[in-house]
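The chain contents come next:
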Amino acid sequence: MLSRSAQGVYWMARYLARAGYLSRLLELQVQFLVDRPVDEIHFGWKRIYRCMKRFPPSGEEFLAEADEFALADAFTLADDLTFERSNPDSVRSALARGRENARQMRHCISGEMWTCLNAAWLRIRDLEAVDIWRTPEVFYAKTRSEIHNFVGVADATMYRGAAWRFMRLGRAVERAQLAASLLRAQMELSRRAERRTLGWASMLRTHHALEAYGRVYGADMQPDRVLDLLVADPSLPGSVLATVQAAATELAGLDGGPGVDADAAARRLAGRAEALILYDWPEAPAPEELLEQVDRCVRRLHDAVLGAFVDYPIEDSPLR
Amino acid sequence: MFVAEGAPREHCRAIYEALRKLPDDHLETIQERVTRSFSQEGITFTVYGDEEAEERIIPVDCVPRLLALAEWRELEAGLVQRIRTLNLFLADVYGECRILRDGAIPPDLVLGCPQYRLAMRGVSVQGDAWVTICGTDIVRTKDGFRVLEDNLRSPSGVSYMVANRKAVKAGLRLLYRNSRVQDVENYGSLLRQTLCELSPGGRPDPCLALLTPGTYNSAFYEHMFLAHEIGAELVEGQDLLVNDGFVYMRTTSGLRRVDVIYRRIDDDFLDPLVFREDSLLGVPGLMNAFKRGNVALANAPGTGVADDKSVYAYVPDMVRYYLGEEPLLQNVETRLCRRPEDLEYTLDNLESLVVKRVGESGGYGMLVGPHSTLEERDEYAKTLRADPADFISQPTLALSRSPCLIDGRAEPRHVDLRPFVLTGAETRIVPGAFCRVALRRGSLVVNSSQGGGGKDLWVVDL
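Top line first, the protein sequences correspond to chains Z and B.
Number 340 marks the last residue of the first sequence (this note's numbering); no jumps.
Number 465 marks the last residue of the second sequence (this note's numbering); no jumps.
Worth flagging that the hints you see were computed from the coordinates, not collected in a lab.
Heads up, the beta-carbon is just placed ideally off N, CA and C, and yes, glycines get one too.
Any given hint could turn out to be false.
Straight line, CA to CA, 25 Å or less: simulated DMTMM-like cross-link-like pairs of lysine to aspartate or glutamate [to be verified]:
#	chain 1	residue 1	chain 2	residue 2
1	Z	LYS162	B	GLU44
2	Z	LYS73	Z	ASP59
3	B	LYS169	B	GLU414
4	B	LYS145	B	GLU8
5	Z	LYS162	Z	GLU120
6	B	LYS172	Z	GLU132
7	B	LYS172	B	GLU31
8	B	LYS385	B	GLU354
9	B	LYS169	Z	GLU132
Coverage of chain Z stretches by chain B, computed from C-beta distances (three or more under 8 Å per stretch; other residues unrestricted) [said to hold, decoys possible]:
#	stretch
10	136 to 142
11	268 to 279
Isolated chain B (complex conformation) (with noise of 0.2 Å):
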């Protein structure tokens, strides 16, 4: 929000002015009436190994994000950029393979990660969306945007985007209406658009079905949060079976087709007949299903490949090969251990680095160097030497502070933001993101599931 003490940045001065006028209580007001929101509404995320908080409330800080219109039509452009390119090193690399033939990337790193699915090599996908929902980890530097993770998979958050902003927009109504904040509750709509662009052999009115593992998933509220957004049923793989390559659902009147499949079980579990053949949650029969062009599923499987930790090094060349042209969004500066000069430099910056695993998400498996003590830092130097290629590092970055009301009073606290992008015939983003913020003073770790929150982030035109 600043540029430096006390001087909030232009497109932040009249909301910042706004925030200081109200009375002293009003923002807590305001922040508790919003927790409470949360509560009675039942928006809720799991943490693991936490038994007695089975739902728990993602805290959420009152206080929203700022960003210009003119810095988000910037972001988005990125965006626009990277998802296309991602989209085609999926297809290709489930294909022809050019940019390994070509020596682009180390055909091993591909061909080699756990998340490349050869039950998908020679599978054509509708309109070549293989990522139909991609939410992208971005973060800001002093240097600009900064993207940290893409998440192909199944990315989670988009439910508390709408969430917080609802919740917000109730507390804070006459500044929000005073500032031209861009809308994004219509996500639901696109997002069913998209979906039904999926149809297999664009079948008219599709059925649309959510996959979920069930209730007791971390994002369950997410899902059923969607299911109803766009109109889909939220099944499990028990209501789903598959009948001579198609796939139908249980329903009272009888067994109903079903085209568009939005998973959000992991490719390990869809169908046990082909990945994991002890997955209670999938269906039997499903990626023949698919590969028949009887189903579409969003997002397509084997999307894993392309948001590998040490494949994510490589999306900027991508850029270059497939589109010919400078990427406009940059990576954080990745060096992926494998090699043995970025190995030996990660060991001897252990201090000022982030390591993470090339396999894990959500925060686990990773070292803050900064934040790490001597013996903790040892501990990882030995795993890190044991399985090289499994790590990477990145530098500590100064990611960006929002004011958050802790206690009272304003303080600031790292935040990152992922926005949304969703590829049917064509791209769609709506302007605004689920922020994160990391409520513990100083930490940098804004995983939901390590303890962090949510802001709302406002995209003004001002």
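Next up, chain Z with everything else stripped away, as it sits in the complex (with noise of 0.2 Å):
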């Protein structure tokens, strides 16, 4: 396959995934404005910002522990996550780059995935805050779920060549980064709250995990085991652990790029992260260092990949 288009289909899926993701901790988000108190809110809000790695629009006091978020308005924030041109991981930037990528590479991926994916952004190109605010939550229901529809378009149709595995893996790396950023946002902000629960619940329906917990856990909701679930449970299709599974997968079924072990060093981020959840994770006495170390790997495993197969030196690339 093409190195720049097993790029641009690897960062397709990035993308979708980031704009899917969000939208999702936004329906959450919205939906508490309806009837959760204002501390609540104000947590939720932090959190994106913090999972995000943004400042809100009203400036950089959010480090200061200035409470920004009690002044700006939720409309100014959504707006903000939501259609904000100029914020790159705005919902719109990220279906944006996520279609452009898969106009690019229309001819790897099926035409039925690039008319689902090309309808999700007509429908969102022209809409602003303002046409979305009375009933926000369903339209990042919708967002949401159109992302969803994508994905299984592109598994019901999708050839499984080369392309198949840089989409996989490049929604992988995307979902595994989003989870270890927004739990580690979640533990230090928790730290520092005043009630120890605030925000756990909604960890879990972020991640479609509430009946999962129910299941394993029951009704009782601790924070320790929130956080074990959604770190470690590898049944779990968002926990860090089964999307850093499914990113070992996917490079394990590439064949290998263009020398002897060039993709050794990939596999082998890919695998430490696994490592560290699977066999140190259990007992370990830092949760949050443990986490950062894994949402490391994972950084380093995205260099690593584009070095593998893309950006590879040519001077002792076998021809063929």
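Fit chain to chain and form the complex, with the hints in mind.
Given below as structure tokens:
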């Protein structure tokens, strides 16, 4: 497969996973606006911004713990995260970039995937925050479900070649990074919060894990159990472990890159992230630090993938 | 469609009647559906200098243009003869130059043409297929088909031929079925077959690549579409490199040799070592690999000399010269302003002529006399006098018109057609064309870049 095409499909999947994840976060956050106490709403905004590594539009005081979120209204924050064109990670920007990568790599994906994605883009393209603000949760739920649809259509129609692997790899890497990032934000914020349980239930809902939690642990909601489930349960599709394992699987399915062991670094990083969770997590004295290590592995995994398959030095590449 | 008001041509009668019987708003519904399907599938074209409309849809009219199979066969024979001739001409002017020495064409016209590539002198091309893909613009006048332009560099539009067919067929299912329309959707497989025949040294199972200038190019949709159809990698210059006279592309499993390149970038940008050195789109060393016969380029560099608007005037003479036959397809009567008597005639008759710049295409830089103002003509005459050799003039044609659905009503609009001719080991043509419509009432300019639209052409066996 052409390296640039592999890169395009990989980025397509990353951006779409980002758009989907952020839509889910915002879907829950705008639901909070209806019936949650103010501190929980503020907590939610902070967590999203920290996860996306972004400052709210009103300034950088965020870091200084001044409560910017009490001042900024929900509309402004939602607009900033959803439609703001200068925000490269806003739902609209991420969808636009995912779709642009798909447009350039249309010959690598199925026609059904393209029309599905293009329809989603055409729906959102001309919208603004005021257009969705009567029922914002409906908009976010729809966007999220369109991206789920895309993933399903891909599963049903896409040829299982290298492009498929790179797409799945991109999705796994993005989801692993986002999940680790959101968990770290949650741990840090809740450590400083007055209520120890603040935000943990919504962590489950974000990852569609409420039912799973009930099945594994029963009705008693305990933060460390929620954390365990979201980090280390291999059966939960959005857990850090499951996404890291998915990345490892896709890497193993690729034909190894241009030279002998060209992808060794990438495989080692995926393996290391997996091992950290499998073997170190259960008795980790400092879970936050361990999660940070996992996060770092996944970020380096991204560079290693591109280094192995896309930006490799041509001097010692075999000619075929 | 009509011989006279309300009197359809023989092969159009059944379809005309069927269309007439459709309920009033039915065609409009179909039209809407066709337009929507283009938007959803992202079948787009970029118009230069129009920032907002980066991805614009070519408006498609859902009423098909009809051609009888017998008429098509006639046209086809003419196209085959013409393209054979043009390939012989190219082999000649980059080889022995017989036609120039014999004085059948003024040598300075050819050798002085900006599209004449010195780098191609003495180069032989696999099977003498210089022009692998040709898109000839044909108009129909009251005297029959006329060639308006041979597009021998990298003609575009074929993806719209297929897309228009798909969309219109889905809208007019029953009518399509009953009309025995000739199929065009195998174009991709014919193109693949043709390109494979160019494989250097007949290497089996050649690796094909389509070289695009990139996603900002107006025809990017087409490049993507064709790469998909022919199973080629869609590459940009940055994906390719030349090593030891062979071309390779960077893949996820190392460098892979490329055998045939269907290039959709101009000669000028192909290879910075030979042509424009500031080109970032091309591949350094590509021409060397090509000359050594290690990679095939379709079309070969230098073909532009044969579709130059001045050289065009000599194509009928070329047919006689190379084949000893009378041309089956006629040109539009063309005056070369480089000849003093033609210049004088052109200046005297500006208000009735169409004047074009030799080096321009896409409908840019032309004057349509009958639609121009006195000031425009005066202005144009000045530039014309300054450099007469840069201009040709043609009579304003009474182009054939075809009914189009405009605001819910059928109205006549001017049309032309661009059939695509493929040349590999043999010549192949699908019975269809990208049919262009001048959507503005009375307008004669059909170019997509000038607000023209598309139509499906049905070659019917009725």
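*Can you name, in rising order, the numbers of the hints this structure does not satisfy?*
Violated hints: none; all satisfied.
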